Amino acid sequence: NAGVTQTPKFRVLKTGQSMTLLCAQDMNHEYMYWYRQDPGMGLRLIHYSVGEGTTAKGEVPDGYNVSRLKKQNFLLGLESAAPSQTSVYFCASSNRKHPEYFGPGTRLLVL
Amino acid sequence: DQQVKQNSPSLSVQEGRISILNCDYTNSMFDYFLWYKKYPAEGPTFLISISSIKDKNEDGRFTVFLNKSAKHLSLHIVPSQPGDSAVYFCAASAPNTGNQFYFGTGTSLTVIP
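Protein chains in written order, with the working numbering: chain A, 6 to 116; chain B, 14 to 126.
Just chain A, same shape as in the assembly:
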């Protein structure tokens, strides 16, 4: 039982490049979330999913896209990375109303 895993752990991108962050959970959770954490700020919700095939916008969705084709995976895509997207990204999953289990995070640096 690995819980919530995130791939990759760290990535450096150049402005304009694209990438996909992968979140996987093995707890059969319905809800999955993508957050970003920036210095001096709390976690901010980017997108979330309430079940396979569903996605919804969070607080800061611009510049990101997501997909939940399989229940256990939630992908976060950056089509054209910008320096403002330099952050630590956390994925979470839950069967409760709130995010319960978080992954270890992905550090993204956009130059």
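Hints may be right or wrong, so weigh each one.
[Stated by the list, open to error] Stretches of chain B that chain A covers, calculated by requiring three or more beta carbons in the stretch to come under 8 Å of a beta carbon on chain A: (1) 72-84; (2) 106-113.
[Stated by the list, open to error] BS3-like, lysine-lysine: derived pairs with alpha carbons at most 30 Å apart: (3) Lys67/B / Lys18/B; (4) Lys62/A / Lys81/B; (5) Lys84/B / Lys102/A; (6) Lys14/A / Lys51/B.
Just so you know, the hints here were simulated from the structure itself, not pulled from any lab data. Nothing here was measured: the structure is a model prediction, and the numbers come from that model. Here a beta-carbon is modelled for each residue, glycine too, at the ideal position from N, C-alpha and C.
Here the structure of chain A is known, so what remains is to put chain B in place on it, guided by the hints.
For chain B alone, coordinates are given in the frame of chain A:
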């Protein structure tokens, strides 16, 4: 505009004493509140929640108090242990907003042995 505020960036407490972490919110529609703990280089860990129909919820050494009129909640840790040293985040949500939770900026707790 920060709807959930943790005005104390850091707090130091002696082992065995009580730790009190505070959180204020501005949105009177918030009805569900959470506390998380985060160690460096790890994701947050859910600690405890409280609904607005209650004013107190306990789980072992952790108790959360909610004062709706003051729009204030607090997390009490008794007794504090060195392993409690971490950053603590509060979060809140309003009804009919999906799964949107708003997080505070965190308070770094250091428990001194």
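Structure-based check of all given hints:
A stretch counts as covered by a chain when three or more of its residues have a beta carbon under 8 Å from one of that chain; for the segment 72-84 of chain B and chain A the count is 0, and the coverage is violated. Residues of the segment 106-113 of chain B lying with their CB closer than 8 Å to a CB of chain A number 4, which satisfies the three-residue condition for coverage. Restraint check: the Cα-Cα separation between lysine 67/B and lysine 18/B comes to about 21 Å, which is no more than 30 Å; the hinted pair holds. Annotation: proposed proximity of lysine 62/A to lysine 81/B holds, straight-line Cα distance about 28 Å (limit 30 Å).
Restraint check: the Cα-Cα separation between lysine 84/B and lysine 102/A comes to about 21 Å, which is no more than 30 Å; the hinted pair holds. Proposed proximity of lysine 14/A and lysine 51/B is supported: the alpha carbons are some 17 Å apart, at most 30 Å.
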